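Participant: Residue numbers (the working numbering): 3 to 93.
Keep in mind that the hints are not guaranteed to be accurate.
As the list claims (entries may be wrong) - Below, simulated SDA-like cross-link-like pairs (lysine to any residue); rule was C-alpha separation at most 25 angstroms, straight line: (1) K69 - D88; (2) K19 - I32; (3) K80 - V90; (4) K93 - I32; (5) K80 - I56; (6) K93 - R75; (7) K93 - G58; (8) K91 - V76; (9) K91 - R75; (10) K91 - F63; (11) K68 - K80; (12) K69 - I56; (13) K68 - Q79; (14) K69 - N85; (15) K68 - L84; (16) K93 - I77; (17) K80 - A61; (18) K19 - A42; (19) K68 - T54; (20) K91 - S53; (21) K91 - F71; (22) K91 - P72; (23) K93 - T54; (24) K93 - E78; (25) K69 - G58; (26) K80 - L64; (27) K80 - A66; (28) K68 - R86; (29) K69 - V90; (30) K68 - P87; (31) K68 - N81; (32) K91 - I77; (33) K91 - A60; (34) K80 - M92; (35) K68 - I55; (36) K93 - V57; (37) K93 - N81; (38) K91 - L67.
Derived by calculation from the structure, the hints in this document are not laboratory data. No experiment lies behind these values; they were computed from the predicted model shown.
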Amino acid sequence: MSVRSLPSPPADLATYKLPLDTLDRYIPSINAVTADDVTAFAESDPATAASTIIVGRAADFLEALKKNFPETRVIEQKNLDLNRPDLVKMK
3 MSVRSLPSPP
13 ADLATYKLPL
23 DTLDRYIPSI
33 NAVTADDVTA
43 FAESDPATAA
53 STIIVGRAAD
63 FLEALKKNFP
73 ETRVIEQKNL
83 DLNRPDLVKM
93 K
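Could you put the whole structure together from the sequences, leaning on the hints where they help?
Facilitator: Here it is, written out as structure tokens:
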């Protein structure tokens, strides 16, 4: 690894059009997060919009998976597009 391959935080600031004091504020903003903040976030149920992707031979586990997660959806590999929000290739 050379110095040239290391990321440059100031360059990243310019790339994302962030203020120059972003790096100075970053750690203090993390340290300012309280246990109450974390609890409030967890109680907001952020996982409802999350997807869990399980890869494998569906026949081996699909029936058991659907018992616990009835909304389970199978996407065949040929139709999978990880760059789309719904994970399905456009037709």
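Participant: If a hint holds in the structure, say so; if it does not, say that too.
Facilitator: Each hint tested on the structure:
no., hint, result
1, K69 - D88, "holds (22 angstroms)"
2, K19 - I32, "holds (21 angstroms)"
3, K80 - V90, "holds (9 angstroms)"
4, K93 - I32, "violated (43 angstroms)"
5, K80 - I56, "holds (15 angstroms)"
6, K93 - R75, "holds (18 angstroms)"
7, K93 - G58, "holds (24 angstroms)"
8, K91 - V76, "holds (13 angstroms)"
9, K91 - R75, "holds (15 angstroms)"
10, K91 - F63, "holds (24 angstroms)"
11, K68 - K80, "holds (22 angstroms)"
12, K69 - I56, "holds (15 angstroms)"
13, K68 - Q79, "holds (19 angstroms)"
14, K69 - N85, "violated (28 angstroms)"
15, K68 - L84, "holds (22 angstroms)"
16, K93 - I77, "holds (14 angstroms)"
17, K80 - A61, "holds (17 angstroms)"
18, K19 - A42, "violated (30 angstroms)"
19, K68 - T54, "holds (13 angstroms)"
20, K91 - S53, "holds (16 angstroms)"
21, K91 - F71, "holds (23 angstroms)"
22, K91 - P72, "holds (23 angstroms)"
23, K93 - T54, "holds (23 angstroms)"
24, K93 - E78, "holds (14 angstroms)"
25, K69 - G58, "holds (18 angstroms)"
26, K80 - L64, "holds (18 angstroms)"
27, K80 - A66, "holds (24 angstroms)"
28, K68 - R86, "holds (24 angstroms)"
29, K69 - V90, "holds (23 angstroms)"
30, K68 - P87, "holds (22 angstroms)"
31, K68 - N81, "holds (20 angstroms)"
32, K91 - I77, "holds (10 angstroms)"
33, K91 - A60, "holds (19 angstroms)"
34, K80 - M92, "holds (11 angstroms)"
35, K68 - I55, "holds (14 angstroms)"
36, K93 - V57, "holds (22 angstroms)"
37, K93 - N81, "holds (9 angstroms)"
38, K91 - L67, "holds (24 angstroms)"
Of the numbered hints given earlier, the model fails hints 4, 14 and 18; all others are met.
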